[in-house]
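Number of protein chains: 2
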Amino acid sequence: MPGIVKERLFTPGPTPLLMEAQLRALSATLHHRTEAFRRLMKETVAYLRYFYHTQNDVLIFASSGTGAMEGAVSNLLSPGERALIGTAGKFGERWVGLAQAYGIEAAVVSAPYGQCVPVEEMKRQLASAGPFRAVFVQATESSTGVSHDVKALAEAVRALPETCLVVDAITGLGTTDLRPDEWGLDVVIGGSQKATMIPPGLAFASVSEKAWKFIAQSKLPRYYFDYAKERKNLANGESSYTPATTLVVALHAALSYIKEIGRENLIANAALHAEASREAARALGLTLFAAGSPANAVTAINAPAGIDSGVIVKEMRNRFGAIISNGQGTMKGKIFRLAHLGYYDALDLFAVIAGLEIALLKAGHRVQLGAGVRAAQEVYLRRQG
Amino acid sequence: MPGIVKERLFTPGPTPLLMEAQLRALSATLHHRTEAFRRLMKETVAYLRYFYHTQNDVLIFASSGTGAMEGAVSNLLSPGERALIGTAGKFGERWVGLAQAYGIEAAVVSAPYGQCVPVEEMKRQLASAGPFRAVFVQATESSTGVSHDVKALAEAVRALPETCLVVDAITGLGTTDLRPDEWGLDVVIGGSQKATMIPPGLAFASVSEKAWKFIAQSKLPRYYFDYAKERKNLANGESSYTPATTLVVALHAALSYIKEIGRENLIANAALHAEASREAARALGLTLFAAGSPANAVTAINAPAGIDSGVIVKEMRNRFGAIISNGQGTMKGKIFRLAHLGYYDALDLFAVIAGLEIALLKAGHRVQLGAGVRAAQEVYLRRQG
Numbered sequence: 001m002p003g004i005v006k007e008r009l010f011t012p013g014p015t016p017l018l019m020e021a022q023l024r025a026l027s028a029t030l031h032h033r034t035e036a037f038r039r040l041m042k043e044t045v046a047y048l049r050y051f052y053h054t055q056n057d058v059l060i061f062a063s064s065g066t067g068a069m070e071g072a073v074s075n076l077l078s079p080g081e082r083a084l085i086g087t088a089g090k091f092g093e094r095w096v097g098l099a100q101a102y103g104i105e106a107a108v109v110s111a112p113y114g115q116c117v118p119v120e121e122m123k124r125q126l127a128s129a130g131p132f133r134a135v136f137v138q139a140t141e142s143s144t145g146v147s148h149d150v151k152a153l154a155e156a157v158r159a160l161p162e163t164c165l166v167v168d169a170i171t172g173l174g175t176t177d178l179r180p181d182e183w184g185l186d187v188v189i190g191g192s193q194k195a196t197m198i199p200p201g202l203a204f205a206s207v208s209e210k211a212w213k214f215i216a217q218s219k220l221p222r223y224y225f226d227y228a229k230e231r232k233n234l235a236n237g238e239s240s241y242t243p244a245t246t247l248v249v250a251l252h253a254a255l256s257y258i259k260e261i262g263r264e265n266l267i268a269n270a271a272l273h274a275e276a277s278r279e280a281a282r283a284l285g286l287t288l289f290a291a292g293s294p295a296n297a298v299t300a301i302n303a304p305a306g307i308d309s310g311v312i313v314k315e316m317r318n319r320f321g322a323i324i325s326n327g328q329g330t331m332k333g334k335i336f337r338l339a340h341l342g343y344y345d346a347l348d349l350f351a352v353i354a355g356l357e358i359a360l361l362k363a364g365h366r367v368q369l370g371a372g373v374r375a376a377q378e379v380y381l382r383r384q385g
Numbered sequence: 001m002p003g004i005v006k007e008r009l010f011t012p013g014p015t016p017l018l019m020e021a022q023l024r025a026l027s028a029t030l031h032h033r034t035e036a037f038r039r040l041m042k043e044t045v046a047y048l049r050y051f052y053h054t055q056n057d058v059l060i061f062a063s064s065g066t067g068a069m070e071g072a073v074s075n076l077l078s079p080g081e082r083a084l085i086g087t088a089g090k091f092g093e094r095w096v097g098l099a100q101a102y103g104i105e106a107a108v109v110s111a112p113y114g115q116c117v118p119v120e121e122m123k124r125q126l127a128s129a130g131p132f133r134a135v136f137v138q139a140t141e142s143s144t145g146v147s148h149d150v151k152a153l154a155e156a157v158r159a160l161p162e163t164c165l166v167v168d169a170i171t172g173l174g175t176t177d178l179r180p181d182e183w184g185l186d187v188v189i190g191g192s193q194k195a196t197m198i199p200p201g202l203a204f205a206s207v208s209e210k211a212w213k214f215i216a217q218s219k220l221p222r223y224y225f226d227y228a229k230e231r232k233n234l235a236n237g238e239s240s241y242t243p244a245t246t247l248v249v250a251l252h253a254a255l256s257y258i259k260e261i262g263r264e265n266l267i268a269n270a271a272l273h274a275e276a277s278r279e280a281a282r283a284l285g286l287t288l289f290a291a292g293s294p295a296n297a298v299t300a301i302n303a304p305a306g307i308d309s310g311v312i313v314k315e316m317r318n319r320f321g322a323i324i325s326n327g328q329g330t331m332k333g334k335i336f337r338l339a340h341l342g343y344y345d346a347l348d349l350f351a352v353i354a355g356l357e358i359a360l361l362k363a364g365h366r367v368q369l370g371a372g373v374r375a376a377q378e379v380y381l382r383r384q385g
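Chains as they are written, first to last, in our numbering: chain A, 1 to 385; chain B, 1 to 385.
The set of hints was computed from the structure by calculation and includes no laboratory data.
Worth double-checking, as some hints may not be accurate.
Same chains, same label: a pair holds when it works inside one copy or across any pair of copies.
[Said to hold, decoys possible] With a cut-off of at most 20 Å between alpha-carbon atoms, the simulated EDC-like pairs for lysine to aspartate or glutamate come out as follows: (1) Lys6 x Glu260; (2) Lys232 x Glu105; (3) Lys42 x Glu260; (4) Lys362 x Glu378; (5) Lys42 x Glu81; (6) Lys259 x Glu7; (7) Lys42 x Glu155; (8) Lys232 x Glu315; (9) Lys219 x Glu7; (10) Lys90 x Asp57; (11) Lys6 x Glu264; (12) Lys6 x Glu20; (13) Lys6 x Asp348; (14) Lys151 x Glu209; (15) Lys219 x Glu279; (16) Lys123 x Glu155; (17) Lys42 x Glu182.
As the structure is a computational prediction, the values presented were derived from the model and not from experiment.
With the hints as constraints, model all of the structure from the sequences given.
Next up, the structure:
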């Protein structure tokens, strides 16, 4: 019997949708060149500042997150200027690809998949191999489930008046405590299909005063992702090109919900789910791919010896309608990933762990049923009381 | 921290909604006196016949289930005729109240809450205390979580040409194997907010040829719930009074989904969840309120000694947003009920059991965390492989 199987996303984007936001979007028939839409845009930007924990400008683009990442490169740099890139996964490699695409020479500090970008090595490069116009890094590398020490890196970059720090926080926002203003994160990139609980289609970029000065001087070509043009239009609640109106309506509703529950609680929620998933994995005799500095956004777990992680992913999908992620690139077949970004609650957590126990069993791993759930429940009780 | 808490219904109606059906209803702007709506009504009735497992007429009323129950009394009987009622819970008592309201003398065969209506005693009454124009009973009594032996009762009634059997299957349909045609269930009552996965507002009644003969002779007053008038109109895809159009659209979509997964699988799904919940309760040191003949629709569990079931219900709601039911009437504070009607899948099951473990712990009951989930997982593996 197949019976009833509900589709549930446990992927690091797209993530479960906030239905209230979807319904709001569904019923919206706004034209974007109206006072009502301008008011909505301005309110949405105010909400985004709350979500980002910043007083900086936050821009909104109709694109996926990569578009705003590209904009960070093309708006900050000029031909001949150099960049420093920290990479330890597929998304770090995207910075390298973007720099190449624009002919920017980059010094790359890398770490093996599953480890952190070595901030001390980046500091040495900053001190000895500069000048660098910009430093690019991820807050959390969702291909490996690693969290980077953005705060320590920011401390080093802040002291350099000719260098900006750009953070891809697409899966970091809403899962990790980030302080753009306090720490000095000059450009912080976000995307809609992550902790903001709505579908893909919008990218965000917060931009510091320091970054705006760089942008005014930079000479790389850009058009759609022109940060300064977008800032000017956004001041009036406008966008340079047709905005994705229904997504903006959904974003407004979702950020209003996030403000209601509190951004700190949203982050604590992801932290609880991540810790509980790690404890559950250990209780089930599994090891973590990113043991050193695991992210709250997503937990990467090594498949048991001799078992292809794809089998576990498939069991989860076919049996339970639960979509979890396989590893990417060379990690494919070796790890699987459970996401904790955004709209998950305690019952979602217990459910996915219980399902995982059965999927592991079916894949040939010896499991004591209920042991993973118990470990997750204990973390819940420790954190929630 | 409160954090993210999703609302989830585990009550024996309303039950979780099938979102596809809701969206279909949301976008419907049908007028009911149109060819499109008539076609929709006819298709919906065909789907209802599949869902009911019957070739009989199935009527649809804009009312809650009680309306169609009232119709069964007012359409089948005449002043001076007598009824036999089997009751072992709040819904059985509703038949008694309905008979009283229409001045129908009823012989009542009752059993204590938590037990079955004694079918042997009802057979004796049929043989010795008749004639009865109609016999009224529940397929499943959702106030106590008991399933009645409708098949055995039908066997006795079928032999009596002057007696009809009326079954309140509001929570029985889609959770219990019922065969109106094979067994001879003359009128079977259903409601929309149950296994059909849509909101409250529609009632159903299947009517056998035998029942139509009784209806043609009956003389009790009726107007809104006039079965014969409704049958005549429904043959043309019409309804006697304004139909609840959006609910009919939702019903059409939900029954189409049910046909796709198969009514047998829908019933097997409820049976799995019920068995797993009973095993989980036992593993957590709890006893069942209806141990003898438990229903698939809903599991009634005794609160641990010294603990008010309301505390458990409240913990589930406040901590996890999970709405479970307290006992009704004299059972209030003593039992709590978990429903399995309709749109639940395996992950819902594991989630509610994991939440229940924590709620029990918080209410002061000693619980081995994960033990209930493990019991449920074992039932899942036994049934699903």
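Status of the hints after comparison with the structure:
no., hint, in the structure
1, Lys6 x Glu260, "between (28 Å within a copy, 14 Å between copies)"
2, Lys232 x Glu105, "neither (30 Å within a copy, 81 Å between copies)"
3, Lys42 x Glu260, "within (18 Å within a copy, 46 Å between copies)"
4, Lys362 x Glu378, "between (25 Å within a copy, 13 Å between copies)"
5, Lys42 x Glu81, "neither (35 Å within a copy, 72 Å between copies)"
6, Lys259 x Glu7, "between (27 Å within a copy, 19 Å between copies)"
7, Lys42 x Glu155, "neither (31 Å within a copy, 71 Å between copies)"
8, Lys232 x Glu315, "neither (50 Å within a copy, 50 Å between copies)"
9, Lys219 x Glu7, "neither (47 Å within a copy, 52 Å between copies)"
10, Lys90 x Asp57, "neither (28 Å within a copy, 61 Å between copies)"
11, Lys6 x Glu264, "between (30 Å within a copy, 18 Å between copies)"
12, Lys6 x Glu20, "both (19 Å within a copy, 12 Å between copies)"
13, Lys6 x Asp348, "both (12 Å within a copy, 9 Å between copies)"
14, Lys151 x Glu209, "within (18 Å within a copy, 78 Å between copies)"
15, Lys219 x Glu279, "neither (49 Å within a copy, 69 Å between copies)"
16, Lys123 x Glu155, "within (10 Å within a copy, 86 Å between copies)"
17, Lys42 x Glu182, "neither (24 Å within a copy, 65 Å between copies)"
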